[in-house]
Amino acid sequence: MILALFVAFICYIIAQLIVSSKKKSNVPLVKPTGNLLVFDTETNGFPKDWKASLYDTDNWPRIVSIAWNKIAPNGQLLSKNYAIIKPDGFSINAGSTSIHGISNANAEQNGLSLKDVLSLFEKELNDCKYLVAHNMEFDYAVVFAEYTRTNITTNNYSSLTKICTMKKSTDFCKIASSKGYKYPKLNELYQKLFSTSISTAHNAQTDADACMKCFKELYNQKVITF
Numbered sequence: 344m345i346l347a348l349f350v351a352f353i354c355y356i357i358a359q360l361i362v363s364s365k366k367k368s369n370v371p372l373v374k375p376t377g378n379l380l381v382f383d384t385e386t387n388g389f390p391k392d393w394k395a396s397l398y399d400t401d402n403w404p405r406i407v408s409i410a411w412n413k414i415a416p417n418g419q420l421l422s423k424n425y426a427i428i429k430p431d432g433f434s435i436n437a438g439s440t441s442i443h444g445i446s447n448a449n450a451e452q453n454g455l456s457l458k459d460v461l462s463l464f465e466k467e468l469n470d471c472k473y474l475v476a477h478n479m480e481f482d483y484a485v486v487f488a489e490y491t492r493t494n495i496t497t498n499n500y501s502s503l504t505k506i507c508t509m510k511k512s513t514d515f516c517k518i519a520s521s522k523g524y525k526y527p528k529l530n531e532l533y534q535k536l537f538s539t540s541i542s543t544a545h546n547a548q549t550d551a552d553a554c555m556k557c558f559k560e561l562y563n564q565k566v567i568t569f
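Its first residue numbered 344, the sequence shown is counted upward by one per residue in my numbering.
Simulated from the structure, these hints should not be mistaken for laboratory data. Any given hint might turn out to be false.
Straight-line Cα separation of at most 25 Å, DSS-like style, residue types lysine-lysine; simulated pairs [claimed, not checked]:
#1 Lys472 x Lys522
#2 Lys413 x Lys522
#3 Lys528 x Lys556
#4 Lys374 x Lys525
#5 Lys394 x Lys525
#6 Lys472 x Lys517
#7 Lys391 x Lys535
#8 Lys413 x Lys472
#9 Lys517 x Lys535
#10 Lys472 x Lys429
#11 Lys423 x Lys517
#12 Lys374 x Lys394
#13 Lys413 x Lys394
#14 Lys528 x Lys505
Derived CB-CB ranges, DEER-like [to be verified]:
#15 Ser501 x Ser422: 28 to 34 Å
#16 Glu480 x Ser542: 33 to 39 Å
#17 Asn369 x Lys466: 22 to 28 Å
Where is the CB? At the ideal position from N, CA and C, for every residue including glycine.
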């Protein structure tokens, strides 16, 4: 009798999970209510203290390159930009170059003024409601610190709703660690979603494109909702 009740209970739970899953899959997608800007940065290092104030410009690394894709609520690409930053008051060490491939000489020759790039970035945000990045806390912080250094007002940047594909996809990727699921790297998320690797990781434009593609698929699979 007890065994029969236990089996019946398990069957009930399974049935409820199936019903719940079907209900979730039948829920219509709710579109974002404004444009989204998906961005990525490459830097000349890492912060000394990950919990430091965003205004502590001595703590946060400098941006070596930045890329962004602006998309409409329906996923249409509205604009895309990529820029290498001309070093001014900083240099790019060999260790950083080995990651993103941008040398100090390359940046000196091909880089653009940080102030000009940030001014364009800020202008692009005028009609956006959301910021999207993989590891938002880092990318947001280094850009904010650069705003502070250049004395550019960040009304648009600081007021947007932030979406981190890294944190949003942690339970989706289910990559085990000693403390539960770890945050997936962008390439790990990309592999999970598309069964292939990013062609050129740690290139700001490639990573911004990959993040945009991941965001769209996470939205389609209702991992990210609005």
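Which constraints among the numbered hints does this structure fail? Numbers only, ascending.
1, 2, 4, 6, 7, 10, 11, 12, 13, 15, 16, 17
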